[in-house]
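Assemble the complex: chain Y is given as a structure, and chain X must be docked to it using the hints.
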Amino acid sequence: MTDIPDRRTVAERVAAATPDGLARKVSGFSDRTIAWLFIGPTIALLLAINIFPLIWAVYLSFTNYAANKLNATVAWVGVRNYSRVLSDPDIWERMQATAHFVVWTIVLEVLLGFGLALLINRQFRGHSFWTTVVLLPMMLSPAVVGTFWKLLFQTQIGPFNYVVSFFTGIPPSSFDMVGSVALAPWSIVIVDAWMWTPYVMLICLAGLRSVPDYIYEAAEVDRASSWRTFWSITLPMVLPFLMLAVLFRAIENFKMFDMVALLTSGGPGSTTELASITLKREAFEKWRTGYSSAFAIILFVTIFGAANIYVKALNAVKNR
Amino acid sequence: MAEVRIDLVSKAFGTIQAVEDLSLTVADGEFVVLLGPTGAGKTTTLRLVAGLEKPDHGRISIGGRDVTGLPPAERDVAFVFQQYSLYPHLSVYENLAFPLRSPTRRVPEDQIKATVTRIATMLRIAHKLENRATRLSGGEMQRVAIGRALVRRPSIYLMDEPLSSLDAKLRGELRLELKRIQVELGVTILYVTHDQIEAMTMASRVGVMEEGRLVQVGTPREIYENPATVYVATRLGQPAINLVPPSVLPQVATPPGTATIGARTEHLDIRRADGGTGTGIVARIEHLGDQNHLHLDVAGHHLVTLTESDIALDVGDRVNLDVRGALFFGADGRRIAA
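As they're listed, the protein sequences go chains Y and X.
Under the numbering used here, the first residue of the first sequence carries the number 1, and numbering increases by one thereafter.
Under the numbering used here, the first residue of the second sequence carries the number 1, and numbering increases by one thereafter.
Next up, chain Y with everything else stripped away, as it sits in the complex (with noise of 0.2 Å):
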C-alpha cells in the first residue's frame, strides 16, 4: 500500500477529527470568541495570582491587618505605614545595603561580562565548548549558588581563602567573607558577580555578533587604530545590548532574595539583609503585613519608576 499525502489543512484536519457533539456547539463561535475560549483560563490564573494580590496588597497597605491575627479588627490607617516605612532609618540603611549591591555587581558584571565576550568573539579552537564552560554558573540554582558558596567561603576549610591566601600571603583564617561585617557586603557582590557574568557575556555576545564583518573591515582599510575601532564602532553598537543587560540585572537584584538568604541570611547583624530580606522578615517574622505591603508597594513602584526611565535613555539610543 502507498501512503498518499494528506493535502488538507490543519484547520480541516481538526474540523474533521471534532466530534459532532461539539462541533455543532463551537460551530456559531466567531474567531474572536474561540481566541478568548483559548487564553480564558490563563488570564484567569494571570488575575487570581498576580493581579488581585497586587491589587490587595494596594489596600492592606493602608490598613493594620497582620496575617497571624485573623480575628483582630482590621482598622485604616491611611498613609501611617508610608511615612513609617519612609521615615525608618533601617530601612535607609537596607536600601543602602541593597544599592551597594546592585551597583556593584553591576559594575562587575558588566566590565568582566563584556571582556568575556570580546575574548569569546574571537574565533579560536574549542571557543564553543568555552562558552559552554562560561555559562555554567548561571545555570545552577541561587539557592544551590548561596549554600555552595557559604562552604567555599569557610574560614578554615573554603577554598576561596586558600586561594586568596595564595596570591596575597594573607593567612587564610585570618579572614571570613560571610562572617566579618566589612567583607560581608562584598561576598555576595562576588558571588553574584560569579554566577551572573556570563549572563551579561551571552548578551554582549549577541550585540558582538550583530556587528556586520564589513564595518570592521572598512575601519582596517581606513587605517583606524584598534583603540579607535573599538571606541567608535564595537562599543556603540554593543551599547544597547549592554543596556538592556544592566536594565536585567538591575531589576533581578534589587529584589535577591534567595541566593543572598542561603548565602549570609542577611547577617552579620544586618550588614547584607537587601530589601527583599527585610520585607520577607516584616511580613513573615513580625507579621505586620500592612506595614511590609507598604514597603513592597514603595519598592515595585521605584523599580517600576526607573525601569520606565531607563527604557527611555534604551530607546534613545537604539534611535541614534
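Hints may contain errors.
Here are the computed lysine to any residue pairs in the SDA-like style, where the Cα-Cα straight-line distance is at most 25 Å [unchecked claim]:
no.	chain 1	residue 1	chain 2	residue 2
1	Y	Lys318	X	Ser309
2	Y	Lys318	X	Leu136
3	X	Lys169	X	Ala126
Think of the hints as simulated: they come from the structure by calculation, not from any bench.
Please read these numbers as outputs of a predicted model, since none were measured by experiment.
Below, chain X without anything else, positioned relative to chain Y:
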C-alpha cells in the same frame, strides 16, 4: 597613484577555487572593471588586492612594492563595499573624516575640514554633513561611502559593486559622476560589477571573469567586437548575442570547425519575405519606445534583435535574414577567425 600588478594569484575557500592563477596589471590612472556573474571570483580578487584576504599563492604589488603579506592598513588602498558600510552612529562629516583621523596620518583638523567639504560638495552631500549616516537615503549613503574613499589619495581605489544596491536612475547618475571624478582626478580604480552597462561606460579596460579565471582583458570595444569565447560574447550586448548552430543559418559561409554562430543585432539584416517564402517567422514584437525587440523563430531557434520602432512587420510575418560579419565559435567555445 601607482600601478598595481597581480601575478598568478590563487585563492581557495575550502574546496571552492575562488580565484585561479589570475594575472592582471592596472596601469596608473586606469579604470579597470572586472565583469562577471555572481561567484566568478571578482570580489575575492578585489579583497586580495585590499589585503582583506591572503592569497594561497601568487604575488601582488602596488607601485612596485610587494604587498602580498601586508595588512590592509599598510597597502595604501581605499575600498568601497557593496553594502554601505558606514559607521552608523557617526555623522556624515565624521564618516568622511574617519580615514583622515587615522593615527598613522595625523592630518591637521583644518585640512580635514577642507577635504571633507570639498569631497562632500563634489558628491552633492554637503548639505547633509551634520546628519547621522543612517538617516540618509540609499543613494546618499552610497555617496558617503564613496566619499569616504575619495577623501584619501591612495594608490588605488577598489570598488565592489558600489552602485548595485541603488535604483536605476540613481545608478545612472552616480555612474556618470564616478567616471567624471576619475577623469578629473586622474585616479586609478579597480571596479567590480556584473552590470555590463557600467563596464561598457566607465572602463578603460574590462576584464571578464569566469569561475575564478580571467578569460579576457581588453577595452570595452575589443571585448564587444572581438570576444575570445562564447562566454565573453554573452557578457556584453543588449539584447544578448544570438547563438545558433550553423545549420540554422545555411546562407552564412562558416570557417571549418564552426559549432556556433554568434549573431548580434548589428550582424542581422531583416527583410520581409514575399509569397510565403523566407526562413524566419516573427514570433513576438516588444515595444521599448524608441526601438523594438523583435523575436524571431528560425528553424526552431529563438533569435532576438533590435529594430526601428516603426518597422512594418507583424507577428506571423515571414522574413529573410541576411547575416554580415557574424562571430564564429568552435565546439570548445573558442573563437574561430572568419
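Which numbered hints does this structure break? Violated hint: only 1; rest satisfied.
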